[in-house]
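A.B. asks: Chain by chain, the residues run as shown.
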Amino acid sequence: MKCKECQVENIEGALFCEECGARLEVKPDMAEIVSEGGGAPLVLQSSEGNTLAIPEKEEVMIGREDPISEVFPDVDLTSLGGLEKGVSRKHAIIHRVGVDYVVEDMGSTNGTYINKKRIQPHARQVIKPGDEIKFGKLSLSVKAA
Amino acid sequence: MTNELVVRCIMSKDIVPQSEAEQAIYALVDIKPKSRMGTGMMPANVSLVLDRSGSMEGEKLENMKEAAGYVVDHLSDTDFVSITIFDDQVESLIPSQVAQKRDEIKKMLASVIARGGTQIADGLKEGMNELQKGYSKDRINRLLLLTDGKTWDDEELCLRLAEEAGKNGIAITGMGIGDEWNEKLLLQLAEKSGGDSHWIQNPISILDAFKQEVEGVQSVAATNLKVMGRLDRGVKPVRVFSMVPMIANVSSKVLHDTTITADLGSLDGKKGQLLLIEMRFPAQKIGKYRVGQLEVSYDIPAQGISGHKIRVDMSITVSADIAATTKVNAEVMNLVEKVSAFKLQTRALSYAEAGNIAEATRKLEAAATVLLDLGEDELAATAEREILSLKKTGTLTTAGSKKLEYGTRKLTQGWTGAVKK
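Protein sequence lines correspond, in order, to chains A and B. Heads up: the first sequence begins at 1 in this note's numbering, then just goes up one per residue. Heads up: the second sequence begins at 146 in this note's numbering, then just goes up one per residue.
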């Protein structure tokens with residue numbers, strides 16, 4: 001059984017990864033939610049109601065624009081207070097894997113959180129409608145477009 | 146014959162999928178007294194071993210005297226007590242005696258002044274000698290050690306003494322005040338003797354720690370608690386963790402081939418005892434199987450009970466029904482997750498000690514994620530701060546590593562069987 005976070009093989013039946021401690025067993029109710037969300041394009045919405053589209057690309061960089069260092073992320077969180085809220089220039093990537101949207105933190109300073117759980121740098125996690133995703137202290141809701 | 150204890154054995158899954166290879170399964174063994182027993186049912190034999198080194202001067206020493214006085218006041222007239230004080234010399238302040246001359250004992254305590262360095266082994270040895278004078282297997286034999294500093298060149302001897310204590314049913318509780326003492330040593334003393342350890346952050350908390358210990362001695366519901374597990378053919382035990390008074394990996398002490406033999410000492414009537422057993426279940430066809438049998442034995446000397454046994458079977462079903470095989474018991478899951486946090490923290494600190502900063506950081510990050518998932522935000526924040534300290538200085542802070550060592554070990558404190566969240 002491969003750990004989804006760190007890719008290390010664990011024995012069948014193990015509940016948590018020996019290497020990184022990530023949960024290996026999927027609760028039955030979580031499995032159902034994943035299949036419901038499949039296929040619909042997702043957007044990110046701020047608490048003020050601003051909607052950010054996620055471009056239709058295999059890899060979408062989330063971060064903060066910095067022309068001096070020539071960093072131009074696909075989704076720029078500057079206007080949502082990204083600087084004050086600790087968003088890194090190259091904070092995270094959203095991968096399209098089949099119908100799924102998969103988030104990967106790029107070693108950001110203040111971390112990426114999904115439903116209040118911090119995800120490990122470079123470990124990947126699926127997001128779905130109803131999730132809360134936080135880049136540093138900037139909180140966004142995941143919604144179906 | 147009725148049982149005075151209740152033993153529950155809960156499997157992580159009652160139904161597992163059919164597999165070509167062996168798979169991991171977990172069993173939680175929960176042992177509690179059937180009903181609330183009266184306090185102070187078992188006579189006690191308590192030895193206080195107290196650091197009187199120069200650094201204890203002032204608030205620490207005064208609070209220590211008050212706490213020691215509390216112990217003397219709250220033991221019964223037939224309990225044995227002794228007080229040993231040490232710096233780089235040792236003195237038997239109160240030789241082993243029944244706890245009756247309370248005013249005299251407290252007067253002697255009041256006369257103690259702080260001086261000298263720290264040699265814990267001599268104090269431990271003398272404390273154990275005094276304990277032997279009042280020793281009986283029908284008593285709760287406990288040694289309480291209090292220190293604020295690192296011992297000088299005698300750690301190996303301390304560990305040997307703790308091992309000897311454990312073999313004789315003497316549990317050592319090691320308590321450290323402040324930040325400048327060796328938590329590894331005190332935790333190892335606890336592990337080897339089947340005892341406990343506390344980090345006392347402020348001198349005013351010394352009294353609370355001693356109160357807790359007295360309460361623990363007076364709450365003992367059974368002694369000579371043993372768990373023997375015989376596993377059926379093909380089932381292999383891999384790891385065993387005890388959870389009370391703190392999470393400890395007892396695998397090397399209790400695993401022998403396909404049997405589990407755990408000597409758990411006394412059973413705290415309020416906290417009970419929990420064992421988590423990780424096993425490997427072999428490839429099997431569809432059907433119901435016995436995994437093994439557990440036998441819990443205990444004494445209750447006050448009731449004339451000796452070697453009473455309770456047997457519990459562990460079983461599992463192999464099924465093709467995939468939906469049924471995904472159901473995991475929430476209680477077991479929660480405890481396995483806590484053990485996971487403890488394991489990650491232990492490995493992180495080992496890597497840090499060995500100078501492998503990259504691995505230490507990775508393990509601390511993983512521990513922080515697990516701790517957040519458990520709702521332990523403060524401990525997770527401590528892990529994050531230690532990551533920063535590692536990146537900046539290449540070392541952990543003394544307070545931070547203590548907080549992680551004790552915090553993760555005590556994740557099961559206050560366990561009632563209810564899952565947080």
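Derived by calculation from the structure, the hints in this document are not laboratory data. Note that this is a predicted model, so its numbers are computed, not measured. The C-beta atom is built at its ideal place from N, Cα and C for all residues, glycine as well. Wrong hints could be hidden among the right ones.
Claimed, not checked - Quick list of the computed label-pair ranges, beta carbon to beta carbon:
id: 1; chain 1: A; residue 1: 130; chain 2: B; residue 2: 312; range: 18 to 26 Å
id: 2; chain 1: A; residue 1: 121; chain 2: B; residue 2: 520; range: 50 to 58 Å
id: 3; chain 1: A; residue 1: 115; chain 2: B; residue 2: 471; range: 42 to 50 Å
id: 4; chain 1: B; residue 1: 465; chain 2: A; residue 2: 130; range: 27 to 35 Å
id: 5; chain 1: A; residue 1: 53; chain 2: B; residue 2: 324; range: 45 to 53 Å
id: 6; chain 1: B; residue 1: 166; chain 2: A; residue 2: 98; range: 53 to 61 Å
id: 7; chain 1: A; residue 1: 8; chain 2: B; residue 2: 558; range: 51 to 59 Å
id: 8; chain 1: A; residue 1: 98; chain 2: B; residue 2: 295; range: 51 to 59 Å
As the list claims (entries may be wrong) - Below, a list of computed lysine to aspartate or glutamate pairs in the EDC-like style, where the Cα atoms sit at most 16 Å apart:
id: 9; chain 1: A; residue 1: 117; chain 2: B; residue 2: 523
id: 10; chain 1: A; residue 1: 116; chain 2: B; residue 2: 408
id: 11; chain 1: A; residue 1: 4; chain 2: A; residue 2: 19
id: 12; chain 1: B; residue 1: 472; chain 2: A; residue 2: 19
id: 13; chain 1: A; residue 1: 116; chain 2: B; residue 2: 522
id: 14; chain 1: B; residue 1: 381; chain 2: A; residue 2: 19
id: 15; chain 1: B; residue 1: 337; chain 2: B; residue 2: 408
id: 16; chain 1: B; residue 1: 555; chain 2: B; residue 2: 522
id: 17; chain 1: A; residue 1: 117; chain 2: B; residue 2: 408
Claimed, not checked - Partner residues aside, some chain B positions facing chain A, computed with beta carbon under 10 Å:
id: 18; residue: 423
id: 19; residue: 514
id: 20; residue: 515
id: 21; residue: 525
A.B. asks: All hints, please: hold or fail.
C.D. replies: Do the hints match the structure? See the list:
{"no.": "1", "hint": "A:130 - B:312: 18 to 26 Å", "in the structure": "57 Å, violated"}
{"no.": "2", "hint": "A:121 - B:520: 50 to 58 Å", "in the structure": "22 Å, violated"}
{"no.": "3", "hint": "A:115 - B:471: 42 to 50 Å", "in the structure": "20 Å, violated"}
{"no.": "4", "hint": "B:465 - A:130: 27 to 35 Å", "in the structure": "33 Å, holds"}
{"no.": "5", "hint": "A:53 - B:324: 45 to 53 Å", "in the structure": "52 Å, holds"}
{"no.": "6", "hint": "B:166 - A:98: 53 to 61 Å", "in the structure": "28 Å, violated"}
{"no.": "7", "hint": "A:8 - B:558: 51 to 59 Å", "in the structure": "31 Å, violated"}
{"no.": "8", "hint": "A:98 - B:295: 51 to 59 Å", "in the structure": "57 Å, holds"}
{"no.": "9", "hint": "A:117 - B:523", "in the structure": "14 Å, holds"}
{"no.": "10", "hint": "A:116 - B:408", "in the structure": "41 Å, violated"}
{"no.": "11", "hint": "A:4 - A:19", "in the structure": "12 Å, holds"}
{"no.": "12", "hint": "B:472 - A:19", "in the structure": "23 Å, violated"}
{"no.": "13", "hint": "A:116 - B:522", "in the structure": "10 Å, holds"}
{"no.": "14", "hint": "B:381 - A:19", "in the structure": "22 Å, violated"}
{"no.": "15", "hint": "B:337 - B:408", "in the structure": "12 Å, holds"}
{"no.": "16", "hint": "B:555 - B:522", "in the structure": "15 Å, holds"}
{"no.": "17", "hint": "A:117 - B:408", "in the structure": "38 Å, violated"}
{"no.": "18", "hint": "423", "in the structure": "9 Å, holds"}
{"no.": "19", "hint": "514", "in the structure": "5 Å, holds"}
{"no.": "20", "hint": "515", "in the structure": "4 Å, holds"}
{"no.": "21", "hint": "525", "in the structure": "8 Å, holds"}
In this structure, the earlier hints numbered 1, 2, 3, 6, 7, 10, 12, 14 and 17 are contradicted, and the remaining ones agree with it.
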